Amino acid sequence: MRAEIQTIVADIEKSLDLLAQRMNWETAEFRLEEFNARVEDPNLWDDPAAAQKLMRDRQSLVDAMDTYKSIRQDLQDSVELIELGEMEEDAEVVKDAEDTLKALKEKAAQKELEALLDGETDPNDAFLEIKAGAGGTEACDWASMLARMYVRWAESRGFSVELQEEQAGAEAGIKSATYQIKGHNAYGWLKSESGTHRLVRISPFGKGTRETSFAAVGAYPVIDDNIEIEVNPADIRIDTYRSSGAGGQHVNTTDSAVRITHEPTGIVVTSSEKSQHQNRDIAMKALKSRLYQLELDRRNAEVNALHEAKGDAGWGNQIRSYVMQPYQMVKDLRTNHETADTKGVLDGDLDGFMAATLAMKVAGKSRADAQGED
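Numbering of the sequence shown is given in numbering that gives the first Met the number 0, commencing with residue 0 and proceeding in unit increments.
Bear in mind the hints are in silico, worked out from the structure with no lab data behind them. None of the values given here were measured: they were computed from a predicted structure. Cβ atoms here follow ideal geometry from the backbone N, Cα and C, with glycine treated the same way. Any given hint could be a false lead.
As the list claims (entries may be wrong) - Simulated crosslink set (DSSO-like; lysine-lysine; CA at most 30 Å straight-line):
{"id": "1", "residue 1": "Lys52", "residue 2": "Lys206"}
{"id": "2", "residue 1": "Lys330", "residue 2": "Lys106"}
{"id": "3", "residue 1": "Lys13", "residue 2": "Lys68"}
Said to hold, decoys possible - Pairwise CB distance ranges (calculated):
{"id": "4", "residue 1": "Gly157", "residue 2": "Glu82", "range": "35 to 43 Å"}
{"id": "5", "residue 1": "Asn335", "residue 2": "Leu293", "range": "24 to 32 Å"}
{"id": "6", "residue 1": "Ala339", "residue 2": "Thr260", "range": "41 to 49 Å"}
Sequences are here, hints too, so could you generate the full structure?
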């Protein structure tokens, strides 16, 4: 077997080891038997919320086990075919099996990443907020570039994107925008993007100078109806006004907009895409999402550190730098993951950065640990 193929086999084995570790393979069959016994309980649906959670948990375990078994079997079959083809000197059989292994490596790597998304709200849809920071018009333009980047990333994954609110910049770009990203594990992927993003480039606005701009990104899970979040009507202020977003491709605009301010926390959410009644419902969902995130932050120090890292959109708080001049480089300052393909990243190729952050969190490493390994 060629050295290249041996390396591919080793990579697949490594992915399988992680999948087995994440689902605790040694006890998986036993846990599935327990799930099956509970599903047969005639009183299961007396508590619909608990029953639905049980069914989701069971299905997640079944999917994980089936994936592991399928990849393991495909690996074994391909290796045996290669060995057989080499014995019989059948180059076509060997090539077909090697091609299968290469595709299997990509599948295993993708499943390995998905296995990292096991947080309580990782499977949920996400609200994504983007706000221009220090840098004036440059920062507003940078915020619009980030919005485009995330929309392209979401669309490449087959997620749907709905613009909830947008405030245009005075001269160019946007001051802020909020999107709802709908798709399985949308929040699990996007949560690693919360923080300040820094851009270094030659100004496109006639200055010809090298400028540094900042924008803040925040990701929050969309909370389903099974999670109760109490909002005291006395704690909120609801304002209606005429929307004035810039609009654009895939963007529907209306004359009606709703802004809800949660007085105790200072959280402000808006929606200006649909009717006033729909906007109120959407804004309340966004508010509950933010309040739920605050509760998660209090309960989970790791999540709290992640979202507090967003900080003010300026010097000293950035999680990622995008340098376009004097050289091309995008570097995540938490994991040291980097690439010279700035165009690809700005066109939505973010999986490598998201995966690196997820892997660091799962390994229990801090930002300082990752930087110390550089």
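Within a Cα-Cα threshold of 30 Å, do Lys52 and Lys206 meet the stated pairing? Distance ~57 Å between Lys52 and Lys206 Cα, so the pair is violated.
Taking 30 Å as the top limit, are the C-alpha atoms of Lys330 and Lys106 close enough? 26 Å, holds
In this structure, is the beta-carbon distance linking Ala339 and Thr260 contained in 41 to 49 Å? 44 Å, holds
Tell me if the straight-line CA distance from Lys13 to Lys68 falls inside 30 Å. 14 Å, holds
Between Gly157 and Glu82, is the Cβ distance one that fits in 35 to 43 Å? 38 Å, holds
Is 24 to 32 Å a correct range for the gap between the Cβ atoms of Asn335 and Leu293? Taking Cβ atoms as reference, Asn335 and Leu293 lie about 30 Å apart, which means the hint holds.
Checked against the numbered hints given earlier, the structure breaks only hint 1 and satisfies all the rest.
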